[in-house]
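Visitor: So the sequences go chain by chain: F and C.
If you number the first sequence the way our numbering does, the last residue is 356 and the count never jumps.
If you number the second sequence the way our numbering does, the last residue is 356 and the count never jumps.
These are computed hints drawn from the structure, not numbers from a lab.
Quantities reported herein were computed from a predicted structural model and do not represent experimental measurements.
Possibly wrong hints are sitting among the right ones.
When chains are identical, the list treats them as one kind, so a pair holds in a single copy or across two.
Listed next, the in silico BS3-like pairs over lysine-lysine satisfying Cα-Cα at most 30 Å (straight line) [said to hold, decoys possible]:
hint	residue 1	residue 2
1	179	36
2	36	83
3	310	299
4	266	311
Here is how the chains run, residue by residue.
There are 2 protein chains.
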Amino acid sequence: MKSIITLSHGAGGKDTNELIEEIFFDAFKNEYLTADDAAILPSFTGKLAFTTDGFIVSPWKFPGGNIGKLSVCGSVNDLAAMGAKPLYLSCAFVIEEGFPTAALKKIANSMKETAAEVGVKIVVGDTKVAGRGQIDGVFITTSGIGAVLSNANLSGKYAKAGDVVIITGDIGRHGATILLARDSFGIDAKIESDCAPLWEIAKNVLEVSAEIHTIRDATRGGVGTVLYEIAKSSNVGISLYREKIPVQNEIKGLTGMLGLEPLYLASEGRFVIIVDKNDAEKVLQTVKKSPYGENAAVIGEVTDEHKTKVTIKTEIGAETFLPAPGGELLPRIC
Amino acid sequence: MKSIITLSHGAGGKDTNELIEEIFFDAFKNEYLTADDAAILPSFTGKLAFTTDGFIVSPWKFPGGNIGKLSVCGSVNDLAAMGAKPLYLSCAFVIEEGFPTAALKKIANSMKETAAEVGVKIVVGDTKVAGRGQIDGVFITTSGIGAVLSNANLSGKYAKAGDVVIITGDIGRHGATILLARDSFGIDAKIESDCAPLWEIAKNVLEVSAEIHTIRDATRGGVGTVLYEIAKSSNVGISLYREKIPVQNEIKGLTGMLGLEPLYLASEGRFVIIVDKNDAEKVLQTVKKSPYGENAAVIGEVTDEHKTKVTIKTEIGAETFLPAPGGELLPRIC
Numbered sequence: 023m024k025s026i027i028t029l030s031h032g033a034g035g036k037d038t039n040e041l042i043e044e045i046f047f048d049a050f051k052n053e054y055l056t057a058d059d060a061a062i063l064p065s066f067t068g069k070l071a072f073t074t075d076g077f078i079v080s081p082w083k084f085p086g087g088n089i090g091k092l093s094v095c096g097s098v099n100d101l102a103a104m105g106a107k108p109l110y111l112s113c114a115f116v117i118e119e120g121f122p123t124a125a126l127k128k129i130a131n132s133m134k135e136t137a138a139e140v141g142v143k144i145v146v147g148d149t150k151v152a153g154r155g156q157i158d159g160v161f162i163t164t165s166g167i168g169a170v171l172s173n174a175n176l177s178g179k180y181a182k183a184g185d186v187v188i189i190t191g192d193i194g195r196h197g198a199t200i201l202l203a204r205d206s207f208g209i210d211a212k213i214e215s216d217c218a219p220l221w222e223i224a225k226n227v228l229e230v231s232a233e234i235h236t237i238r239d240a241t242r243g244g245v246g247t248v249l250y251e252i253a254k255s256s257n258v259g260i261s262l263y264r265e266k267i268p269v270q271n272e273i274k275g276l277t278g279m280l281g282l283e284p285l286y287l288a289s290e291g292r293f294v295i296i297v298d299k300n301d302a303e304k305v306l307q308t309v310k311k312s313p314y315g316e317n318a319a320v321i322g323e324v325t326d327e328h329k330t331k332v333t334i335k336t337e338i339g340a341e342t343f344l345p346a347p348g349g350e351l352l353p354r355i356c
Numbered sequence: 023m024k025s026i027i028t029l030s031h032g033a034g035g036k037d038t039n040e041l042i043e044e045i046f047f048d049a050f051k052n053e054y055l056t057a058d059d060a061a062i063l064p065s066f067t068g069k070l071a072f073t074t075d076g077f078i079v080s081p082w083k084f085p086g087g088n089i090g091k092l093s094v095c096g097s098v099n100d101l102a103a104m105g106a107k108p109l110y111l112s113c114a115f116v117i118e119e120g121f122p123t124a125a126l127k128k129i130a131n132s133m134k135e136t137a138a139e140v141g142v143k144i145v146v147g148d149t150k151v152a153g154r155g156q157i158d159g160v161f162i163t164t165s166g167i168g169a170v171l172s173n174a175n176l177s178g179k180y181a182k183a184g185d186v187v188i189i190t191g192d193i194g195r196h197g198a199t200i201l202l203a204r205d206s207f208g209i210d211a212k213i214e215s216d217c218a219p220l221w222e223i224a225k226n227v228l229e230v231s232a233e234i235h236t237i238r239d240a241t242r243g244g245v246g247t248v249l250y251e252i253a254k255s256s257n258v259g260i261s262l263y264r265e266k267i268p269v270q271n272e273i274k275g276l277t278g279m280l281g282l283e284p285l286y287l288a289s290e291g292r293f294v295i296i297v298d299k300n301d302a303e304k305v306l307q308t309v310k311k312s313p314y315g316e317n318a319a320v321i322g323e324v325t326d327e328h329k330t331k332v333t334i335k336t337e338i339g340a341e342t343f344l345p346a347p348g349g350e351l352l353p354r355i356c
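Isolated chain F, as found in the complex (with noise of 0.2 Å):
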């Protein structure tokens, strides 16, 4: 193959179809995988989930990553916040005149990766190819179909008075890592983006417990941004305690001297999970025992007080609102 995509790679003759066998092809090859126009894939029971996410993240590699992990992780991650199994993906690139072949190559095979660690399929693509400056570098959009557990009923609209907030880990290592990757302001800190799938972690704790209300991935706008949608959509206050919200010193010492709100940097491997309070311990001891879980903390609790409001208190007692999320995104992560 050549060593640059071209723009005869997106005409949909005889180098599209070389790009398509010998770089998504190989990687994704799977019973369902098709040229044709659609897959077809077999018949199941229950609900259906659908999602679909678009990834224009630049660098397109990072510490911890890059856009293909990321792409996959994001709609395995939206699938199994509506607790639904990842079952199939799709996802559709857009690629630069003059973009890397071999970079192509690592992007699929991190998606190949990720896609097997779930066990989930991508069985249909889309190629184009945009002229030199039309974009920037790689941008995909991968959408994903799973299959609702009997057992999930979850929505950012089911926070109740006297539920617990759960945080399935540190928080927002892939907003430092990418504002980072793109000025590192004379800092050499060793942050790598927390981007992982978070099947598992859902699975385990709607095993456990019939009591889970929301689960949402705290990716653009951080766990600051999910929690005032989920205030907002369920007329509930969500209140916050500044010192159990696990951040790493890292992230800490680089938020600290740049003035940024580590609530309101991207996680892409975290899960806020909202549940009752009765069934809190038991659903943060087996988000601890869950693959990339184990820095799971409560940290805070729904109220009927300040309704779509997030209060934060901190270490000696004060307890103020949290900023309202809104304005530019500082980086954009996704």
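Given chain F's structure and the hints, the job is docking chain C onto it.
Guide: Just chain C now, with coordinates in the frame of chain F:
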């Protein structure tokens, strides 16, 4: 709302919510449309079809449609081509900072109208905003889920010698439209994209014939590329009759002047249908009575000569190979 899209519309906060609610939710509203991470859809029996397609056409609007209509037709037609009733769509937008909000509303409304025509529901979406220059205008990726008709068994691999090749209308209009939308070449031709949803055609022909082997939409690369792919996948030859291929006079004029082959200009509202010759007339008449099918024609036959190749017979009886597709598409059209 602000009159242009800003980076804050992609940050996951207040402006993002406003954008989603005022433009996308307002246009797409239905009982399954969700602001959660994934849409939850009722179970259905039978096989699923799953497809994805990215759209990066520039300019975003053109005579006969815009990128929104195109993106819905693309996924609807990919499902229909596999004999699947389109049920649900997802849409992922990547929007350039500075893109006019009013244009985005027009795009969303076209998507709504086209989806309503087919009876497909847009149930989940994603919105990212890229910096000025990071992308050109707006990109849309749609994915679709369909229910495969129990009597459909279609693939590019199933064409057989003795089958007949039907095209459901005159060819090349979408490619020619985009070509002229970029550069008028001093031509004042009345050319409109053929962009259209084709589910009705697929449903109707599958009702009248159990001997339809392949349906493909003649999008990127046009009829010529699609036929070369089928010839290769099915290991057959395909022989076309030049004078039977329906081409609008305006398209004939334009392609003649520019030295382009209409068989390689994209159609976005045309199926190639490969059917046993005994059912060909019945299928042709059914297409002609369906929406968007009035100019349908038998344009060739499947043979066991010249396997993997497409040949074309001229008006005066000479037979030549259709040059194989490959190289750069002119213009990029989807």
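Visitor: Give a verdict on every hint.
Guide: These are the hints, each one checked on the structure:
| no. | hint | result |
| --- | --- | --- |
| 1 | 179 to 36 | between (50 Å within a copy, 18 Å between copies) |
| 2 | 36 to 83 | both (29 Å within a copy, 29 Å between copies) |
| 3 | 310 to 299 | within (17 Å within a copy, 64 Å between copies) |
| 4 | 266 to 311 | within (19 Å within a copy, 68 Å between copies) |
Consistency note: the structure conflicts with none of the earlier hints.
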